[in-house]
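Q: What follows is each chain in one-letter form.
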Amino acid sequence: NAGVTQTPKFQVLKTGQSMTLQCAQDMNHNSMYWYRQDPGMGLRLIYYSASEGTTDKGEVPNGYNVSRLNKREFSLRLESAAPSQTSVYFCASSEWSSSYNEQFFGPGTRLTVL
Amino acid sequence: AQSVTQLDSHVSVSEGTPVLLRCNYSSSYSPSLFWYVQHPNKGLQLLLKYTSAATLVKGINGFEAEFKKSETSFHLTKPSAHMSDAAEYFCVVAGRRALTFGSGTRLQVQP
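Residue numbers (the numbering used here), protein chains in the order written: chain F, 242 to 355; chain Y, 514 to 624.
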């Protein structure tokens with residue numbers, strides 16, 4: 242099992258460009274999440290999908306959109322990238338979105354917006 | 514609503530000495546608490562979790578944490594640090610739908 246995979250690993254964008262970060266999990270989990278990690282701030286939740294067909298905003302959703310393509314895949318889209326979106330992005334999944342469930346994390350995507 | 518405060522942004526210990534990483538939490542209900550570790554340029558790995566069973570929780574790699582409701586604390590300890598423990602550690606409290614992360618403690622282990 243690969244667990245949670247993310248593509249790409251690194252990306253450099255110019256201000257105003259768009260891109261989609263891809264995430265897939267092979268653990269048959271129902272819930273998936275997108276976080277961003279900035280220095281000194283831990284991880285902050287951008288969007289999550291409690292189950293296939295549903296998505297909800299997290300703490301910092303502005304400037305992002307998500308798509309739960311199927312049970313395995315959850316993508317994050319930046320329509321018009323801004324320098325403030327320079328960050329490391331982590332995708333995670335869990336069996337359910339219950340507070341008892343451990344979340345499993347992907348290796349991250351390091352995004353730089355110039 | 515829930516929140517978590519990691520009291521030290523950086524901790525430095527010598528190899529073979531004890532490790533203590535401090536965490537205080539706030540939650541309006543009985544919380545689930547986790548410690549995750551992140552090695553440089555890697556994803557996050559679960560060290561241990563508390564979900565209202567035993568208050569002393571044992572995790573991987575010799576780490577353990579004690580849930581103290583009266584002090585709203587969930588400190589992470591290890592009796593003897595190893596060089597491979599050098600990493601960033603996150604204390605996490607679980608809400609009904611998602612996790613709230615502390616700002617992290619960077620552990621440095623000196624030879």
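Hints in this document: simulated from the structure, not taken from any laboratory. Treat the hints with care, since some could be wrong.
[Claimed, not checked] Chain Y side only, calculated, beta carbon under 10 Å to chain F, not exhaustive:
hint, residue
1, Asn-554
2, Leu-557
3, Ser-565
4, Ala-567
5, Leu-569
6, Phe-580
7, Phe-614
8, Gly-617
[Stated by the list, open to error] Quick list of in silico lysine to any residue cross-link-like pairs, SDA-like style, CA-CA up to 25 Å:
hint, chain 1, residue 1, chain 2, residue 2
9, Y, Lys-562, F, Asp-279
10, F, Lys-298, Y, Ala-600
11, F, Lys-250, Y, Tyr-538
12, F, Lys-250, F, Tyr-341
13, F, Lys-255, F, Pro-324
14, Y, Lys-555, F, Thr-295
15, Y, Lys-562, F, Pro-324
16, Y, Lys-562, F, Lys-255
Keep in mind it's a predicted model, so treat the numbers as computed, not measured. Beta carbons: idealized from backbone N, C-alpha and C, even for Gly.
Q: Hint by hint, say whether it matches the structure.
A: Hints, one by one, checked against the model:
1. Asn-554: holds (8 Å)
2. Leu-557: Holds. Min distance 4 Å.
3. Ser-565: holds (9 Å)
4. Ala-567: violated (15 Å)
5. Leu-569: Nearest chain F Cβ about 18 Å off; hint violated.
6. Phe-580: Since the shortest Cβ distance to chain F is 14 Å, the answer is violated.
7. Phe-614: Since the shortest Cβ distance to chain F is 4 Å, the answer is holds.
8. Gly-617: holds (5 Å)
9. Lys-562(Y) with Asp-279(F): holds (24 Å)
10. Lys-298(F) with Ala-600(Y): Violated - the C-alpha atoms of Ala-600(Y) and Lys-298(F) are around 30 Å apart, more than 25 Å.
11. Lys-250(F) with Tyr-538(Y): Cα-Cα ~33 Å, so violated.
12. Lys-250(F) with Tyr-341(F): The given pair, whose Cα atoms are some 29 Å apart, is violated under the 25 Å limit.
13. Lys-255(F) with Pro-324(F): holds (8 Å)
14. Lys-555(Y) with Thr-295(F): violated (29 Å)
15. Lys-562(Y) with Pro-324(F): violated (36 Å)
16. Lys-562(Y) with Lys-255(F): It is violated: about 40 Å lies between the C-alpha atoms, which goes past 25 Å.
The structure fails hints 4, 5, 6, 10, 11, 12, 14, 15, 16 (numbered hints given earlier, in ascending order).
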